[in-house]
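Novice: Here is what each chain is made of, one letter per residue.
Protein chains: 2
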Amino acid sequence: MMNYQLYLATDRGLLGQKDLCTSVEEAIYGGVTVVQLREKDVSTKDFWEIACQIKKITEKYQIPLIINDRLDIALAVDAEGLHIGQEDMPMEVARKLLGPQKIIGVSAATVEEALTAEKQGADYLGVGAVFPTDTKKDAGHVGLEQLKQIKAQVKIPVVAIGGIHVGNAWSVMETGVDGICVISAILCQKDVRKAADTLRKSCLRLSTP
Amino acid sequence: MMNYQLYLATDRGLLGQKDLCTSVEEAIYGGVTVVQLREKDVSTKDFWEIACQIKKITEKYQIPLIINDRLDIALAVDAEGLHIGQEDMPMEVARKLLGPQKIIGVSAATVEEALTAEKQGADYLGVGAVFPTDTKKDAGHVGLEQLKQIKAQVKIPVVAIGGIHVGNAWSVMETGVDGICVISAILCQKDVRKAADTLRKSCLRLSTP
Chain H
14 MMNYQLYLAT
24 DRGLLGQKDL
34 CTSVEEAIYG
44 GVTVVQLREK
54 DVSTKDFWEI
64 ACQIKKITEK
74 YQIPLIINDR
84 LDIALAVDAE
94 GLHIGQEDMP
104 MEVARKLLGP
114 QKIIGVSAAT
124 VEEALTAEKQ
134 GADYLGVGAV
144 FPTDTKKDAG
154 HVGLEQLKQI
164 KAQVKIPVVA
174 IGGIHVGNAW
184 SVMETGVDGI
194 CVISAILCQK
204 DVRKAADTLR
214 KSCLRLSTP
Chain Y
14 MMNYQLYLAT
24 DRGLLGQKDL
34 CTSVEEAIYG
44 GVTVVQLREK
54 DVSTKDFWEI
64 ACQIKKITEK
74 YQIPLIINDR
84 LDIALAVDAE
94 GLHIGQEDMP
104 MEVARKLLGP
114 QKIIGVSAAT
124 VEEALTAEKQ
134 GADYLGVGAV
144 FPTDTKKDAG
154 HVGLEQLKQI
164 KAQVKIPVVA
174 IGGIHVGNAW
184 SVMETGVDGI
194 CVISAILCQK
204 DVRKAADTLR
214 KSCLRLSTP
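Line order of the protein sequences matches chains H and Y.
Numbering of the first sequence is given in the working numbering, commencing with residue 14 and proceeding in unit increments.
Numbering of the second sequence is given in the working numbering, commencing with residue 14 and proceeding in unit increments.
Don't take every hint at face value.
As the list claims (entries may be wrong) - The calculated lysine-lysine pairs, modelled on DSS-like cross-linking and capped at a C-alpha distance of 30 Å, are:
| hint | chain 1 | residue 1 | chain 2 | residue 2 |
| --- | --- | --- | --- | --- |
| 1 | Y | K203 | H | K132 |
| 2 | Y | K132 | H | K69 |
| 3 | H | K53 | Y | K68 |
| 4 | H | K58 | Y | K214 |
To be verified - Computed footprint of chain Y on chain H; a stretch qualifies when at least three of its residues, placed anywhere within it, have a C-beta under 8 Å from a C-beta of chain Y:
| hint | stretch |
| --- | --- |
| 5 | 57-63 |
| 6 | 101-113 |
In short, the hints are calculated from the structure, not lab data.
Each residue gets a CB set at the ideal place from its N, CA and C atoms; glycine is no exception.
The following block holds chain H by itself, in its conformation from the complex:
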């Protein structure tokens, strides 16, 4: 049973002086429930090396590791799953190569994309960008209302992504989604562990910012 509540996607470009492995470990201490490793413009060797390092950490804490886009890396490090966007490997090809046990998540920005992905066997959906974001400039805009509609029409878990932070996390959770995916709201914060812990509590409404 997957817990999608606080889903961390990585972006090494946002880390500044911080080390990715340390940041991921701190974020897990703070309460992150899933880690997605997302690397762009790196060699396959570099992606593989960082994936090996992150896998050691996620395994230690029994947190599922999802690899963005690259099925070869997911296979190479025996990650728990793969996340594919609309410009990545088609869902049916990915499922055939990964088998039925691995988690496959699909990015969706419309009800149609969401229903197609569910039909093709996606295990969860990443829906966004819910709010405008600098991290992924090519992402289409999806408001809270559409997020709610998508969630209402699919049976698989929905994780909301895009511009989510401690100030709006609860408004996102109120749409009924299963979790929030954040990058900068955790990785760009001075105290990564505390940022994850505060976000986790916001999602559960254990604290109000």
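Fit chain Y to the given chain H structure using the hints.
Specialist: Using the frame of chain H, we list chain Y on its own:
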């Protein structure tokens, strides 16, 4: 039994107005014995789509298709093999994921890299750049003498790459290598089929330019 004699690597950036599929088919008519699909800076979806198209052509003519770098694409289209550089997936990881039947080629620029790749189970080596080339600016320079040395020290087939054209192909073959790998010497020529045919004959010394 693989025939590495005239190995075509692709580069869509060099094609100008020409279509990649048409060019590959023409090159096969001209005598190309192996096709390596090499795509940089494209989405996984685009790479997969073009690989599906090229696979149909290579299958039709029973020419092996090798995918550059991306093991996910090689698996997705059931290509005959994968070519990895020193910045790609490590050889042992690639072999584990592809199994013993698939061809794995490794780029090598020194005797040491060549011996390591052979020891790790590479099926062939791509050695270069033999001559300076614009196609792959980051490639280290390997002269004919070093090429000869590498060939003498390994048992697996050696394909020479880098700046090879009809004017120097025979000098390369004289080092004892099993074949030449070209990109622009075929793809950038006005008559792709004729260019491949002339190169093939040069390799066999059936004609002197």
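Novice: It remains to establish, for every hint, whether it holds in the given structure.
Specialist: Verification of the hints:
no. : hint              : result
1   : Y:K203 <-> H:K132 : violated, 47 Å
2   : Y:K132 <-> H:K69  : holds, 28 Å
3   : H:K53 <-> Y:K68   : holds, 27 Å
4   : H:K58 <-> Y:K214  : violated, 38 Å
5   : 57-63             : holds (count 4)
6   : 101-113           : holds (count 5)
Going down the numbered hints, you'll see the structure goes against 1, 4, while the others check out.
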